[in-house]
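Note that the protein sequences, when read in sequence, are chains A and B.
The opening residue of the first sequence carries number 40 in the working numbering; numbering runs sequentially from there.
The opening residue of the second sequence carries number 40 in the working numbering; numbering runs sequentially from there.
If you are wondering where the hints come from, they were derived from the structure by calculation, not from laboratory data.
Warning: the hint list may mix true and false statements.
As the list claims (entries may be wrong) - Example chain A residues on the side facing chain B (calculated, C-beta under 7 Å, incomplete):
hint: 1; residue: I62
hint: 2; residue: A72
hint: 3; residue: R77
hint: 4; residue: G78
hint: 5; residue: P79
hint: 6; residue: P83
hint: 7; residue: L94
hint: 8; residue: L111
hint: 9; residue: S113
hint: 10; residue: Q115
hint: 11; residue: D117
hint: 12; residue: Y119
hint: 13; residue: F122
hint: 14; residue: S128
Claimed, not checked - Over 10 Å on every C-beta distance to chain B, these chain A residues come out as not near it, computed from the model:
hint: 15; residue: E57
hint: 16; residue: W60
hint: 17; residue: E61
hint: 18; residue: D67
hint: 19; residue: S87
hint: 20; residue: D89
hint: 21; residue: N121
hint: 22; residue: R132
hint: 23; residue: V138
hint: 24; residue: R163
As the structure is a computational prediction, the values presented were derived from the model and not from experiment.
Cβ coordinates follow ideal geometry from the N, Cα and C atoms, glycine included.
Protein chains: 2
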Amino acid sequence: VSDAEHWFPSHVRHLAEEECWEILADHDVGRVAYCDDRGPVVLPVNYSLDRQAILIRLAPYSRLAVQLEDALASFQIDEYDNFNQSGWSVLLRGKATHVETAAPSAEGDQPFPWAEGERSLLVRITPDEITGRRLLPA
Amino acid sequence: VSDAEHWFPSHVRHLAEEECWEILADHDVGRVAYCDDRGPVVLPVNYSLDRQAILIRLAPYSRLAVQLEDALASFQIDEYDNFNQSGWSVLLRGKATHVETAAPSAEGDQPFPWAEGERSLLVRITPDEITGRRLLPA
Numbered sequence: 040v041s042d043a044e045h046w047f048p049s050h051v052r053h054l055a056e057e058e059c060w061e062i063l064a065d066h067d068v069g070r071v072a073y074c075d076d077r078g079p080v081v082l083p084v085n086y087s088l089d090r091q092a093i094l095i096r097l098a099p100y101s102r103l104a105v106q107l108e109d110a111l112a113s114f115q116i117d118e119y120d121n122f123n124q125s126g127w128s129v130l131l132r133g134k135a136t137h138v139e140t141a142a143p144s145a146e147g148d149q150p151f152p153w154a155e156g157e158r159s160l161l162v163r164i165t166p167d168e169i170t171g172r173r174l175l176p177a
Numbered sequence: 040v041s042d043a044e045h046w047f048p049s050h051v052r053h054l055a056e057e058e059c060w061e062i063l064a065d066h067d068v069g070r071v072a073y074c075d076d077r078g079p080v081v082l083p084v085n086y087s088l089d090r091q092a093i094l095i096r097l098a099p100y101s102r103l104a105v106q107l108e109d110a111l112a113s114f115q116i117d118e119y120d121n122f123n124q125s126g127w128s129v130l131l132r133g134k135a136t137h138v139e140t141a142a143p144s145a146e147g148d149q150p151f152p153w154a155e156g157e158r159s160l161l162v163r164i165t166p167d168e169i170t171g172r173r174l175l176p177a
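Here chain A stands alone, though its shape is the one from the complex (with noise of 0.2 Å):
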């Protein structure tokens, strides 16, 4: 029994990789998630993609941008529709390291936070693993 049953046993689809980046690709707002010693942190966060890589924007010294130096992290982005009762989501398990500011991405790659203040930290999340499922309408 997977993941996928608490949520859509009976009419989930599972998604393949390539599905799951085209999602990626037409969003701009998910999920990153750390752990600490007290468990699971879950933050929305403002995204875009390199290749296959999350990039996001950070203040350097903020926690956020501390927990996420070269530590397991996930990113999660869903969508759900309350009238039909279905949706889908997406979970990108792997690592998020620093990218040293010396190689950039190309500028129109980069994350654009809703957020002003300063935000020079572009950290990225490598994922080991993509998974989706799609929840069909009943």
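For this one, chain A is given, so just place chain B on it according to the hints.
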């Protein structure tokens, strides 16, 4: 610098605990998170409130049910508006426990999963901490 900073440093308003509970009472889909040896896992779930705790209904021997037995766990909910670049998020950190079926909650308070299938196990997430933020439109 708090975690809030990553999303909305300037127009951020911290939500009072009471506001967080009101938001949780007004919704029925959120995300549960746990940690395993590969880091955090974040999955959408239907939920309900039982006083100041989250209830979710699972199949008894699913991976999620096994992971949420006497474990650190979090529950997260958020909403955002792409047009206004605004939104809010609530994070509840605490512990997940299996609820003895000998002592069920009132039927009206039970979570109603959209998916069918046997979901005889009730899991409660009891908070140690609940925090929320609202990002006001620019």
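Hint check:
Contact between I62(A) and chain B, as hinted, is not supported at the beta carbon level, the nearest pair being about 14 Å apart and thus beyond 7 Å. Nearest Cβ of chain B to the Cβ of A72(A): about 4 Å, under the 7 Å cut. The hint holds. The criterion of a C-beta within 7 Å of any C-beta in chain B is met by R77(A), whose closest approach is roughly 6 Å, and the hint holds. The criterion of a C-beta within 7 Å of any C-beta in chain B is met by G78(A), whose closest approach is roughly 3 Å, and the hint holds.
Interface restraint check: P79(A) against chain B, minimum CB-CB distance 4 Å, threshold 7 Å, status holds. Because the beta carbon of P83(A) sits about 5 Å from the nearest beta carbon in chain B, less than 7 Å, this interface hint is met. Look at L94(A): its Cβ only gets to about 13 Å from chain B, farther than 7 Å, so that hint breaks. Restraint check, L111(A) versus chain B: the minimum CB separation of about 3 Å is within 7 Å; hint holds.
At its closest, the beta carbon of S113(A) sits 5 Å from a beta carbon of chain B; the interface hint therefore holds under the 7 Å criterion. Proximity of Q115(A) to chain B holds as hinted, the smallest CB-CB distance being about 4 Å (cut-off 7 Å). A least Cβ separation of about 5 Å between D117(A) and chain B falls short of the 7 Å threshold, and the interface hint therefore holds. Among the interface hints, the one on Y119(A) holds; its C-beta lies about 6 Å from the nearest C-beta in chain B, closer than the 7 Å criterion.
At its closest, the beta carbon of F122(A) sits 11 Å from a beta carbon of chain B; the interface hint therefore is violated under the 7 Å criterion. Taking 7 Å as the C-beta cut-off, the interface hint given for S128(A) holds, the closest approach to chain B being about 5 Å. No beta-carbon of chain B is positioned within 10 Å of the beta-carbon of E57(A); the least distance is around 21 Å. Taking the minimum C-beta to C-beta distance to chain B, about 18 Å, the non-interface status of W60(A) holds against the 10 Å cut.
Listed as outside the interface, E61(A) is consistent with that label: its C-beta sits roughly 18 Å from the nearest C-beta of chain B, beyond the 10 Å cut-off. The beta carbon of D67(A) is not kept farther than 10 Å from every beta carbon of chain B, the shortest such distance being approximately 8 Å. For S87(A), the condition that its CB be more than 10 Å from all CB atoms of chain B holds, with the nearest at approximately 14 Å. Listed as a non-interface residue, D89(A) keeps its Cβ farther than 10 Å from every Cβ of chain B; the least gap is roughly 18 Å.
A Cβ of chain B approaches the Cβ of N121(A) within 10 Å, the least distance being about 7 Å, so the stated non-interface status is violated. The Cβ of R132(A) sits about 6 Å from the closest Cβ of chain B, inside the 10 Å cut-off, so the non-interface label is violated. Chain B leaves V138(A) outside its interface by the beta-carbon criterion, the shortest separation being 15 Å against a cut-off of 10 Å. For R163(A), the shortest C-beta to C-beta distance to chain B comes to about 15 Å, beyond the 10 Å cut-off, and the non-interface label holds.
Checked against the numbered hints listed earlier, the structure breaks hints 1, 7, 13, 18, 21 and 22; every other hint is satisfied.
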